[in-house]
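Trainee: Each chain, written out:
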Amino acid sequence: MIKFEIDGKKIQAKSGSTIIEAADAAGVDVSHIPRFCYHSKLSIAASCRMCLVEVENGRKPLPACATTVTAGMKIYTKSHQAMQAQKEVMSFLLINHPLDCPICDQGGECELQDLSMGYGRTSTSFIEGKRSIKDKDIGPLIATEMTRCIHCTRCVRFCSEIAGLRELGILGRGEHSEISTYVEHSMQSELAGNIIDLCPVGALTSKPFRFKARAWELRARAGIAGHDCLGSNINIHIKRESDSQPERIMRVVSRTNEKLNETWLSDRDRFSYTGLYHADRLARPMIKQIGKWQETDWETALTVATQKLQNVIAQNGAQAVGGLISPNSTVEECYLFQAWLRSLGVPHIDHRIRQSDFDHQIQSPLVWSTCKCVQSLEETTSFLLIGSFIREEQPLITSRIRKATQGGARVHVINPVDFDFHLTLTNRCIVSPWGMVCSLAAIAQVLFGNDKKKLNIMPKPIAELIRQQKPNTVEHDIARDLQQDKAPLILLGALAQAHPYFSYLRVLSETIAIEIGAKTLHLTDSANEAGAWLATALPHRRIDGVSIKEPGYNAKAMLAKTLKSYCLFGLEPTYDSAYPELARTALQQAECVIVCSAFKNKAMLEYADVLLPIATHLENEGSFVNIEGTRQSFQRSVNKPFAEARCGWKVLRVLANFMGRPGFDYQTVLELSSELSRNLENDLQSEHIPPVDFKPLPTVSDNTVWRCGYWPIYRNDSLVRRAEPLQVLTVEQDLAKLRLGAALATHLKVNNGDRVSVSSDHPDAKPVTLQVLIDQRIADATVCLPSGLPDIAINGPLSVVRITT
Amino acid sequence: MSSEEQIIQLTPEICQAIDQWVLKYPPEQKRSAVLAGLRIIQRAYGWLSDERMRALAEYLDLPPMDVYEVASFYSMYERKPIGRYKLAVCMNISCHLCGSDNIIKHLESRLGICMGETTSDGLFTLRRAECLAACTDAPILQVDDRDYYKRVTPEIIDQVLEQLHQAGRKKGRDDAT
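Chains as they are written, first to last, in the numbering used here: chain A, -8 to 796; chain B, 473 to 649.
Among the clues, some could well be false.
Cβ pair distances, simulated, as ranges [what the hints assert, rightly or not]:
| # | chain 1 | residue 1 | chain 2 | residue 2 | range |
| --- | --- | --- | --- | --- | --- |
| 1 | B | D522 | A | N742 | 24 to 32 Å |
| 2 | B | V615 | A | A37 | 40 to 48 Å |
| 3 | A | G98 | B | Q492 | 51 to 59 Å |
Everything labelled a hint here was simulated from the structure, so no lab data went into it.
Every residue gets a Cβ at the ideal spot worked out from N, C-alpha and C, and that includes glycine.
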């Protein structure tokens, strides 16, 4: 620690810290140094000179952001010299800046406006013409007004340092310099929206929010982002009710949480709110009567739902009912959903709509292996990433890993497509979905293939698979690197979770982890997968966590068996399920489908009987459990959710009341939460877990073609699918094509641009016609066709497909 | 997921020339070779298209923005097509005192273009240059960023233009065959 003085106050700081860091750490009571280009999370540019301060015995004022403190230093931030320097800098900054704050979208929350109040002059000696710069089109999310730019380069540094993609640069020089993408294009980074927050002036503003409201008309409510497993902290900005408009959520910005999202937010979390008031939003409860939909009141809708469901149960038993809930629902919703259905005797309850292999479920612990601290990812030095388009699945976790690689960490990847993560990868195994399992087995063989004891205690098919492998050099390299590292981390992504041999991947990765002293971590592409497990929205565990001897159907079996009735919560199975075709058939054949959803879609209007409108996560109350295992609670941001919609937990409670179930008397979400907390304390350690029967190895021939059907970043859940600016980006990506490598194209005798028909290997699968696009990033024997796209419903995100020309 | 962009490949000769420069810098400082790379490409094609700048970035394993920034910073990199010959007249103090004004006027009237423009036959582009560090021989005319013509007079200009005209026409024929 170094002792020094700021404005006569004695303070201490870590050696090596800069004056501005030390001053910020000491707090505003000590001093506040004005700044534009400095940002604690970015490299130092020292280009704006706004933070000039006087240092005793210094010849001239020094930039506080680029000067390190030394022992005994005496710094004056408000002295005549310092103030004079800051005022001069301000007058230079204002030379070319337009004085149009009243028509600028940043007005009222502008750092330049604020500081010019304190440091600006009332008149200027600059009489020459101001420069003006043509605005750039950098996509549907960010509006530009480049004449206002003061060249602090925060946006440029953010893109190259945090987003890992140098999309913005400073072009030209001197008075002609400007910030630009050079070749005009939409910004590709999934973190681009952060430059809106970073821009200290009105040069970069939010396009969807532009001219919709002024900062002082909004009130902020704390919320939790609900599109990935990080649970970024957000502030929801709400404009209060007026004569012309009801209360509206106007935008979402990040809320600092150093442990999780730092000061950042992914574009998905930032702009998903634009889908809130989409035409598909369910405003009032709806019932279908003699094939016709009509809006009704809650009383009627709940009565109809109760009658229909009770009829099915009376005639076919509770066995004929299945409940599917979105893993983006809150813990409270998951808990009530399963409690309500279990009270009716319904055994089939699940939230794992994207999973296709459930063999290992009984051995999966109720409490997910969590990353105790997302921050620690930055210190990890070796990663093995299995089945994940991590940049799209977890944008901010990727930025942590990026930071680790900048410090020299090694990242090894096993994926069916050579996805671009905007970070340096050490080793890549780009193999078909089945090849992923083999690669992992090969790594296992390098690590302990000779140890017969270890292989003998493993499940037979997996031990057999490990024995069969002939590891290649890449697999050798990965194995060796993991072995040599002190604390490697194995990450299983959404593609691993949707894998038809997920149980294999899981056992293999866990065995490898034990062997090398690594940790495994599941990166789920939903907000509350861990919470849904804890609340036992599962067919094989009771609410106290004890496993059920004869478990109900899992999400896949429920759709495959075509039950008489389904209860859906927060889901659009034709987009969200790993089995969209099965889902459509099953739901259409069912006698009664009750849907609690914020949005309707065409298919839903065909299969559903009762639609109950619920709140989205931005309007809801409850909690999400994130990847750290932390339960983050949030309160309702708006007085009432959209139109007649209600918070999901209330709808479920009232449904239970209507069906005469006792014990559903919660008045507030807090009562529910505390009951839930008591239940979660059960100790599951003592339970005896029976061994699992693993399915046998598949027969893979030379003609087998696998599909990689990842969920694109903006097709992941109902809300983002309706966020129009994000959909513009999805359309630009041109995803509805069948991408495959040149080798497979030759094998199938297809060319770029040909139209082929694709279907899953399910007996009554309907083929989809698609254009071929040859793409070298796709593994052998694999085609890439994303899931969740409109009009393309193919079962199995990672399964065998049939292609006919 | 965007599909791969079509990237123009640099010719082996250009790559070889760039490699010579890459060798001069430490391996992690490949970025330093951008200046030389741009110069080599400009000499080969006369100007720097976006595609060629991207190709250079690809070749040096840099983000394209690193190349764009450098190319737009220096005024001697041409980012738009120019005439076959770039005629630059020094406008700094020594040349100015020795009558570079008249030289420019003469060039403008001979070529029928104004400063900064290109002749309609695509042969000449007229530019002004800052000090070319040859004050003892002012005024200076610089052709294609490297050939200097010292103590130029309207007569010398006429000779130079005639030579270039012929060379240009001959080169045009060579290109055509």
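Trainee: Now look at each hint and say whether the structure bears it out.
Mentor: Evaluated hints:
no., hint, in the structure
1, B:D522 <-> A:N742: 24 to 32 Å, "29 Å, holds"
2, B:V615 <-> A:A37: 40 to 48 Å, "41 Å, holds"
3, A:G98 <-> B:Q492: 51 to 59 Å, "54 Å, holds"
Checked against the numbered hints given earlier, this structure breaks none of them.
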